[in-house]
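Q: Here is what each chain is made of, one letter per residue.
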Amino acid sequence: MLEVKNLVKRYGSKYAVNDISFTVERGEILGFLGPNGAGKTTTMNIITGYLSSAEGTVNIDGHEILEDPIAAKSCIGYLPEQPPLYMDMTVKEYLNFVYELKKVKLPRQKHIEEICKTVKIDHVYNRLIRNLSKGYKQRVGVAQALLGSPELLILDEPTVGLDPKQIIEIRNLIKELGKNHTVILSSHILPEVQAICERVIVINEGKIIADDTPDHLSRAMSSESGLAVRLEGPVTEVNNALRALPNVHSCNPLGEREKGVFEYLVEPENSADIRRDVFRLAAEKSWPILSMKSTEMSLEEIFLKLTSGEYLAPVKEAPAPAVSDKSAKKPSKSPAPDDVSAEPAAAVEPAKKSTEGSEE
Amino acid sequence: MSAIFKREFNAYFSSPIGYVFIAMFYCLSGFFFFLYNLAASSSELRYVYSMLFTCSALLMPILTMRMLSEDKRQKTDQVLLTAPIGLFGLLMGKFLAALLVYVIAVSITLAYALVLSVFVSLNWAVIISSYFGILLLGAALIAVGMFISSLTESQLVAAIVSVVVDVALLLVDSLASVMPTTSLQNLVMGLSMSDHYGNFTMGILDFADAFFFLSIIALFIFLTSRILEKRRWS
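Quick mapping for you: the protein sequence lines, in order, are chains A and B. Quick note: the first sequence uses our numbering, first residue 50, plus one each step. Quick note: the second sequence uses our numbering, first residue 4, plus one each step.
Among the clues, some could well be false.
Said to hold, decoys possible - Simulated pairs of lysine-lysine, DSS-like, Cα-Cα distance not exceeding 30 Å:
no.: 1; chain 1: A; residue 1: Lys256; chain 2: B; residue 2: Lys78
no.: 2; chain 1: B; residue 1: Lys75; chain 2: B; residue 2: Lys233
no.: 3; chain 1: A; residue 1: Lys183; chain 2: A; residue 2: Lys141
no.: 4; chain 1: A; residue 1: Lys152; chain 2: B; residue 2: Lys75
no.: 5; chain 1: B; residue 1: Lys75; chain 2: B; residue 2: Lys9
no.: 6; chain 1: B; residue 1: Lys78; chain 2: A; residue 2: Lys63
As the list claims (entries may be wrong) - Quick list of simulated restraints, FRET-style, between CB atoms:
no.: 7; chain 1: B; residue 1: Gln77; chain 2: A; residue 2: Glu305; range: 29 to 35 Å
no.: 8; chain 1: B; residue 1: Gly206; chain 2: A; residue 2: Lys159; range: 38 to 44 Å
no.: 9; chain 1: A; residue 1: Ser62; chain 2: B; residue 2: Asp198; range: 46 to 52 Å
no.: 10; chain 1: B; residue 1: Tyr50; chain 2: A; residue 2: Glu116; range: 33 to 39 Å
no.: 11; chain 1: B; residue 1: Met27; chain 2: A; residue 2: Leu155; range: 39 to 45 Å
no.: 12; chain 1: A; residue 1: Glu225; chain 2: B; residue 2: Val23; range: 33 to 39 Å
no.: 13; chain 1: B; residue 1: Phe34; chain 2: A; residue 2: Gly61; range: 48 to 54 Å
no.: 14; chain 1: B; residue 1: Ala213; chain 2: A; residue 2: Ile119; range: 41 to 47 Å
no.: 15; chain 1: B; residue 1: Phe135; chain 2: A; residue 2: Gly61; range: 46 to 52 Å
Simulated from the structure, these hints should not be mistaken for lab results. Note that the Cβ used here is the ideal one computed from N, Cα and C, for glycine as well.
Turn these sequences into a full structure, and let the hints steer you where they fit.
A: Below you can see the structure in the form of structure tokens.
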């Protein structure tokens, strides 16, 4: 469906996009993840033909964007970061304008009505776009992208600036659209990508640093993390005892969770299973274990790890085969802030709070 | 192209811009009609037609200032440039929409001719020739204004630069008199819009004059498309 090869885009001497290649199969929902300024929008703008790349090719359904831009563009529905709306038009006028602009062949009235129903803007159909709220403007932007039922939908941060209810609605909408369209969406909000996408490409400083399923990514990374244990007992003593266990690489108290109960992050050596040892130790000393979980990393931590350059995941051309694991399909709820590994935890918590806040 | 043409044309009238332009045009041209015909009791419309250059030069920036700058600023150029249409179609749509508004504004001068025709028999051939000139002149000024508007995101900057450029174009032939050699004088006169336009108002339909305006239109539409294209690459 989409084949991007060795894209390079420079602004002056700075690389906005540096040698990005990937392919997207028909029907896939691909998430583009990266911090602000990573090159997501630039890449999308190049794919849609709004910008040109210095090097590299973009092939959409057999059409090169540079050789045959009109055919290539007619396969794409694009929602830019800021929806390209004419404020002086009503929703009706605008959608009819885009309908004609894109030279859509489908029956006009029916097609536009259907789209309005899908994105739930039918009741604002005759209102001026200027007077719509941000969420509705965003939806009109999505409607605009959907006109003509393009094979490939490219959505640049589709949920930015929406209220939590709208975010959930747009996410559900995208999932729904993913059934009939190929979707690429970008985001810097991780749970969003985790919730919607089957495959994630992480971009940082113009380069792809990971390309995998969200689940695979978190699995690949979680081998490096440890065990979060809540024990009731004197903190230094417990800490030293845990540290003295065989195969334990390090142990650090994460903080007091209840009165007299501390949480410790125990990192094993070589991914050894140390749960039984911890249990025996606690039983021996009669320190009640109040909880014990392995710290599977959320996409947030993976993201932070990836973008801080601590880890280099093997970059794959195609998505890895799906794993028969229940958690693979489910949008795995990111673990509570207090059972994450020590160092990233501090950095992640504020970010997490903000995203959680916007989710609920 | 037709989609953009329709949108742009409607946009002139969904905002005050189209009305302001037409009203101002009526005022200015009406003033000259009063001055040269009604007050002077003359049936010679040529002066009014030649003053239309001044009117157009002063007012055209109202039409052209937002042609491309606004799209760039509001990011609506993203829907235009990622739509399956060529750059030429896009520019022609905008160009023709502005031209149609201009034609609507200019058509008021037909009323002046009709008023005069009640009292005297007019030479309609000359008047028709003048309208050819007005159309070509307006189209050329729109092309220049569109080019200027493609250079900036700010309507205000586009408007100010366009006024200055249009007035400069108006005054080119006054430069001719101070040129040291005849060949330079001829060159400057050859580039003077008012000189070429003047021929039309005198009833001289010269292909060279038409070609002059048509080349300006083509040149500036081409340059505008290059500016848009260059923006993709930088």
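Q: Give a verdict on every hint.
A: Comparing the hints with the structure gives:
Distance restraint check for Lys256 of chain A and Lys78 of chain B: the Cα-Cα separation of roughly 26 Å lies within the 30 Å cut-off, and the hinted pair is therefore satisfied. For the suggested pair Lys75 of chain B and Lys233 of chain B, the alpha carbons sit about 14 Å apart, so the restraint of at most 30 Å is met. For the hint pairing Lys183 of chain A with Lys141 of chain A, the CA-to-CA distance comes to about 17 Å; that is within 30 Å, so the pair holds. Of the pairs offered as hints, the one joining Lys152 of chain A and Lys75 of chain B holds, with about 23 Å between alpha carbons and a cut-off of 30 Å not exceeded.
Restraint check for Lys75 of chain B and Lys9 of chain B: satisfied, since their Cα atoms lie roughly 19 Å apart, inside the 30 Å limit. Between Lys78 of chain B and Lys63 of chain A the alpha-carbon distance is near 23 Å, which keeps this suggested pair within the 30 Å criterion. Between Gln77 of chain B and Glu305 of chain A the Cβ separation comes to about 53 Å, which falls outside the hinted range of 29 to 35 Å. Between Gly206 of chain B and Lys159 of chain A the C-beta distance comes to about 56 Å, which lies outside the given range of 38 to 44 Å.
Between Ser62 of chain A and Asp198 of chain B the C-beta distance comes to about 49 Å, which sits within the given range of 46 to 52 Å. Checked against the given bound of 33 to 39 Å, the beta carbons of Tyr50 of chain B and Glu116 of chain A, roughly 55 Å apart, lie outside it. A hinted range of 39 to 45 Å holds for the C-beta pair Met27 of chain B and Leu155 of chain A, which are about 43 Å apart. Separation of Glu225 of chain A from Val23 of chain B is about 46 Å and departs from the stated range, judged on CB atoms against 33 to 39 Å.
Look at Phe34 of chain B against Gly61 of chain A: about 52 Å separates their beta carbons, and that is inside 48 to 54 Å. Evaluation of the 41 to 47 Å hint for Ala213 of chain B and Ile119 of chain A yields a failure: the beta carbon distance comes to about 32 Å. Remark: the range hint 46 to 52 Å for Phe135 of chain B to Gly61 of chain A is upheld by a beta-carbon distance near 48 Å.
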